[in-house]
Amino acid sequence: MDFDLSDEQRLLQETVAQFIDNECPPARLRELFDDEVGYDPVLWKGLAELGLAGIHLPGEYGGSELEILDLAVVAETLGSLAAPVPYLSHSLASLAISLAGNADQQGRWLPGLASGDALATVALAEEDAGWLPEAWKMAAGETITGTKEIVEFGEHADLFVVGLAGGRFGVVERNASGVEIQRVEGADRTRRIARVNFENTPIEMLNEGGDEVAARVRDVGLVLISADAFGGATKLVEMSVEYAKNREQFGVTIGHFQALKHQLANMAVEIEPTRALYWYAAHALDHVPEESERVAAIAKSHITERYQQVARDATEAHGGIGFTWEGDTQIWFKRAMFDRVFMGTPRVHQNRAAELADW
Amino acid sequence: MDFDLSDEQRLLQETVAQFIDNECPPARLRELFDDEVGYDPVLWKGLAELGLAGIHLPGEYGGSELEILDLAVVAETLGSLAAPVPYLSHSLASLAISLAGNADQQGRWLPGLASGDALATVALAEEDAGWLPEAWKMAAGETITGTKEIVEFGEHADLFVVGLAGGRFGVVERNASGVEIQRVEGADRTRRIARVNFENTPIEMLNEGGDEVAARVRDVGLVLISADAFGGATKLVEMSVEYAKNREQFGVTIGHFQALKHQLANMAVEIEPTRALYWYAAHALDHVPEESERVAAIAKSHITERYQQVARDATEAHGGIGFTWEGDTQIWFKRAMFDRVFMGTPRVHQNRAAELADW
Amino acid sequence: MDLSYGQETEDYRKEVKTFLTANWPLAGDEAKMPREDGARLFRERAISEGYLCRNIPKQYGGSEQSADALRGQVIREEFGKARAPMEPRGIGTMMLVPTLLDRGEEWQKEKFVGPTIRGEINWCQGYSEPGSGSDLASLMTKGELDGDDWVINGQKIWTSGAQRADYMFCLVRTEPDEKKHAGISYLLIDMKTKGIDVRPLRQMTGSSEFNEVFLNDVRTPKDWIVGKRGEGWLVSRTTLKHERNSIGNAAQSLGLLSGLVSLAKSRKIDGQPAIEDPGVRRELVRIEGYIRAHQYSGFLQTSKGLKDENAGIIAMMNKLNSTNIGHKVAHLAMEILGDDGLGAPLAAGLGTGTAGSSTANWLSQYMGSLGIAIAGGTANVQRNVIAERGLGLPRDMAANRSK
Amino acid sequence: MDLSYGQETEDYRKEVKTFLTANWPLAGDEAKMPREDGARLFRERAISEGYLCRNIPKQYGGSEQSADALRGQVIREEFGKARAPMEPRGIGTMMLVPTLLDRGEEWQKEKFVGPTIRGEINWCQGYSEPGSGSDLASLMTKGELDGDDWVINGQKIWTSGAQRADYMFCLVRTEPDEKKHAGISYLLIDMKTKGIDVRPLRQMTGSSEFNEVFLNDVRTPKDWIVGKRGEGWLVSRTTLKHERNSIGNAAQSLGLLSGLVSLAKSRKIDGQPAIEDPGVRRELVRIEGYIRAHQYSGFLQTSKGLKDENAGIIAMMNKLNSTNIGHKVAHLAMEILGDDGLGAPLAAGLGTGTAGSSTANWLSQYMGSLGIAIAGGTANVQRNVIAERGLGLPRDMAANRSK
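Chains as they are written, first to last, in my numbering: chain C, 1 to 359; chain F, 360 to 718; chain X, 719 to 1121; chain U, 1122 to 1524.
By construction, these hints were calculated from the structure, which means they are not laboratory data.
All values derive from a computational prediction rather than experimental measurement.
Treat each hint with caution, since some may be false.
With a cut-off of at most 16 Å between alpha-carbon atoms, the simulated EDC-like pairs for lysine to aspartate or glutamate come out as follows [as the list claims (entries may be wrong)]: (1) Lys1138(U) / Glu1170(U); (2) Lys604(F) / Glu1053(X); (3) Lys1428(U) / Asp358(C).
Computed Cβ-Cβ distance ranges for the label pairs, DEER-style [claimed, not checked]: (4) Gln970(X) / Lys1428(U): 54 to 60 Å; (5) Asp211(C) / Ser1328(U): 49 to 55 Å; (6) Val42(C) / Arg794(X): 56 to 62 Å; (7) Gly500(F) / Glu1397(U): 43 to 49 Å; (8) Gly1127(U) / Asp988(X): 42 to 48 Å; (9) Ala785(X) / Gly251(C): 55 to 61 Å; (10) Gln18(C) / Lys860(X): 53 to 59 Å.
According to the in silico footprint, chain X covers these stretches of chain C (three or more CB under 8 Å from chain X) [as the list claims (entries may be wrong)]: (11) 266-275; (12) 319-325.
No residue lacks a Cβ here, since even glycine has one placed at the ideal position from N, Cα and C.
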């Protein structure tokens, strides 16, 4: 028994952290955050060259054939650094193609997605909380018509993997006819969103892999968001502790004040145990299939709720500066808002986990 | 405008407090708490001689004709001292007779109730949360048959005012045929409870006063419990602060520890503002009829929830001793359990207040 | 207990109504005046009738009425219903004027009070500094006498309205040899003075209500000091109390509640209108419980004030109550907002906001509820005050060490 | 990451199963033995096969196996399934024996370890005193050497099982001139000694798990000391660590959760089964989220232990996690209990309890969840440990003053 990361997984995290530290240090992150477009293709391409765009993809197409846990530990690191990169949706889109695409489709798209030459995203949500496969109403066919909401990096993607009625997927290329992309203002400016309208847009259906594909894409998404949330919340605790060790009030560093110490301890107690929860949820997707669906729902709802609370607490712990645009905590605060909603709010997954329970 | 107690009301509170201090000091309270029966007729008679058994009753029958707020401020004081007396249900029973009894019935019962020569109680709840008039199923008639739950001081009462289907009241004397009283073990040993079974028991209906009587008895009950809860919770805060000022750990009184200071401040902030809430709810019953029903529901649910939380916090603030039978906090802790449930849990009244809202 | 205002006050209400009927809105040619000019004209008339600036002596432009909290309340109610202008809002009227009346020199009152209460000049407040949030004793901005001027160097932060302000009242360390509070003076500065640099401070919501103010060899006359040298901390204390009371008002919380109800009516949750969700309904009632307790505690404090009695510990809780309520409201609002919970709070640079304005407002509230916990003394400082002054617990050891 | 135990351990599991099939339950005449005697017989066999008392040398009655956490886990799992007796529970096996093995004299190990692990003698722990809860440094119970005996005077509190105990291990101030921790020794006392008065301490639930122990000129031999004079605090620390780990176990929380689900199935709320109430369902999932995080963090700590690596800050959180979970469970249980929420927790003197035993158990849990916050270090002490040792924040100033 070894419920712990491998040396390779740790190295992967360190490599990613090092790369972001070099290529997207705080000043650059701030620049992208304040930027109108907010997407840096060079940064993403650099990450792809480290292998991050194809961790989970077959080796023959340039992927690393690793597990969901490997995908997730990278998501933790990116979340911790608030990296403004399209890792989440690109991973889910390429996952869908690798699971549901035929050999021709895989051969056509996966090499570019694994190398980072092409960027893909998923277009899932429809109006009124329609994140889940069973809620997708957009009809499959040779063309599609309708609107997808909250498409991550929708303005920048070359390829849309679109969720369709019956829990199926199809692929639309960006330059296809009838695609209209509308920038949407989200709180989290490290992960830009768009509304994508399709009007008689040609689509190529992904027909392999059976009914399980959409469920797996959903569950992997939930786990990656959980990992991002754990990473971000942990970072906020660290930042708050650092601030408390340095900021002086009344002649001492504020870390001397027991009330604040206990607030910081409470924040740590809320988030630190969720490391093992997201690990387990990720591990279960490859090794404990009978539990994986439900534990992914629990992890996503639990950890993003904790992230939300920790983000509020960290803001208060930083006093006035936490409440400014110039302060750094707000970047993670808004990532917490994204993680909480994307692919379904905690409430949605609590309801699901209750339905899936053996009560 | 004078949203404050009158000198008379303050004097009334002081008089009651003084009396309890003398006649039921902590050692006596403890004795009654540990006692199998737990009811002291002499203590109650003494309070009645102060006028407490008839504050709200007509002068012609020996009452003081005061307002609900006067009833409530006494309930606060009794709650603060965890007085083991049947004030709540006796007040409600005599209120029902004074509102719904005819002249003969009033003349027959109220003098004894006002003087304390007779003890009355209300038998309201039926199985499955049947506290509210609209939930009473026991059929009115010349006799009644059925069971009433959680009858306060049911073992000691001379008179039962019984809630019946259609929101009506009837009076059963203790020695009537078919009355069977079963002692029930409650957590709060300052207010004993019983289950009362009626089997073809003769009952005398109270037919005056119309449909409003049951609602008023309910609302007055909610307000008296709110007042008791405010008094008890405030006392727990005081006890916790006292303990923090005296108990030493690590060479200083624990009141020096900022984390505990803030916990105590939070307890005070939860409960102190509810003083004005129970005052307003009491005042509204005599002066703001259009708001009184809903604000009584809000007060009862809000203040008893706060009492419950403060009781938990106070127990923790007292460390080990708070968790013992010998410690005093447990007495109030269990009164909080009583206040939370009696006449309907917070959830029941939150549901009602939502129904009554102009949303 | 009596919630009515009494016959005398109700008679007074009739007078106020009569005045308003005759004077607001402006009629005839006056109705065509620019908005600000019209308001000024109306204020002059209201002052001369004794309805506005009641606690300010006539010689400084007020109506010098004897204090009567109920009449004040009636005026607020009736002017509110008529949507008639009251005293200009702002920190000048609320904080500087009472301070000047209490502690200012005669010439200071004459020069500043009238124009401030007529809305002719605007003020900003220079208390906080980057290194001192709740701890004013650690202020670093320095003032040195040079001839007939103070020369001021340093930085202020969280200065709202600094760009629009004509003057600033601020706390400056003028006695470097004195310790802590004792070395601070209360100075007035003309914001047009050379060496003042105002930079907006953007909030996490994207809006900029606050500023940083950099002071670089800023000169202000020697006698633009309120109170004596080194007394500045004491002079400022009345003002801070004012600020806390105003934040503690329940009106804002009541507004939040009705907004929340509207939100719940307009949104769906789990496929049904949020207002029909039993959990949402109970949480609304729970929040209302806190708000009503807060509101009626305000009645109690007003009544105590009318009797010149101390309201006790409840008066120290207003701010924390508002903060706690704001958190609960924010939490429920996010639950109801559902998928819109990742939207941008305000148009923060991107052109194509899709969230309706109500959504954006709620997202701002979600963040703003943190701001209110931070502004005007953090929640932890409030808890210290309640524990120490309210409950009589020992003073904080960490803070004590520096005293 | 690997959640399996590996082939070798699974082979070992087969051995364990084979042993259990052959040996438990006892067969033939042995099956007719009194329960305790049968258990003792079985334990002897399990020890001789290396399944129990694995970390205890053979010379003291153990099976002296090399440490193997996975084998230990397999034994717990299989013995658990077979409902076979394991080591006698209790503070003697869990706390005293490891301490003696680590710090005891040879004769102490020989005299006490064997009988303790065989369940022949029972121990109680004398650490807490009325004046010192979390603060062991302030212990007052005194021990003075008088000839060949220690003479002990003082009072211990929160002593569980003192009535049934044969011996007590306790902390006693023997060096009055030394300050704080330095003056304390770790002594063993025979509970049959004259001068010991055990009084049950009734809990708010009505049950008496704890006692007060009064020590009045109690004599214990000079050499019934573990470690040197004045080292008692250090000697005791291994033991406290043990206690915290055991309380931090997620098994208890998992049990609470399944109990809560059963409760929700058996009760109605707002007229429908509580298990169908959407709010109750979500809250169950929310609680499960905390419990699973706690449980898997246990896997992580076990794995770190297997590799002799430090698990870090998570190891300091087990107790507080359990406490927090207990509070949430208590809260939801009360919500579901509805009108039964004013019932008595246990038969506390009155003869005619009506609450079903499940209800009474939940009411006990409602109160007991406070007990767990208090026992073994209050929640605030836990937070201090996490903040100071875990997060590296400065030591507490109030506590520091006394150091």
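Exercise for review: State the violated hints by number, sorted upward, taking the hints as numbered earlier in the document.
Suggested key: 2, 3, 7, 9, 10 and 11
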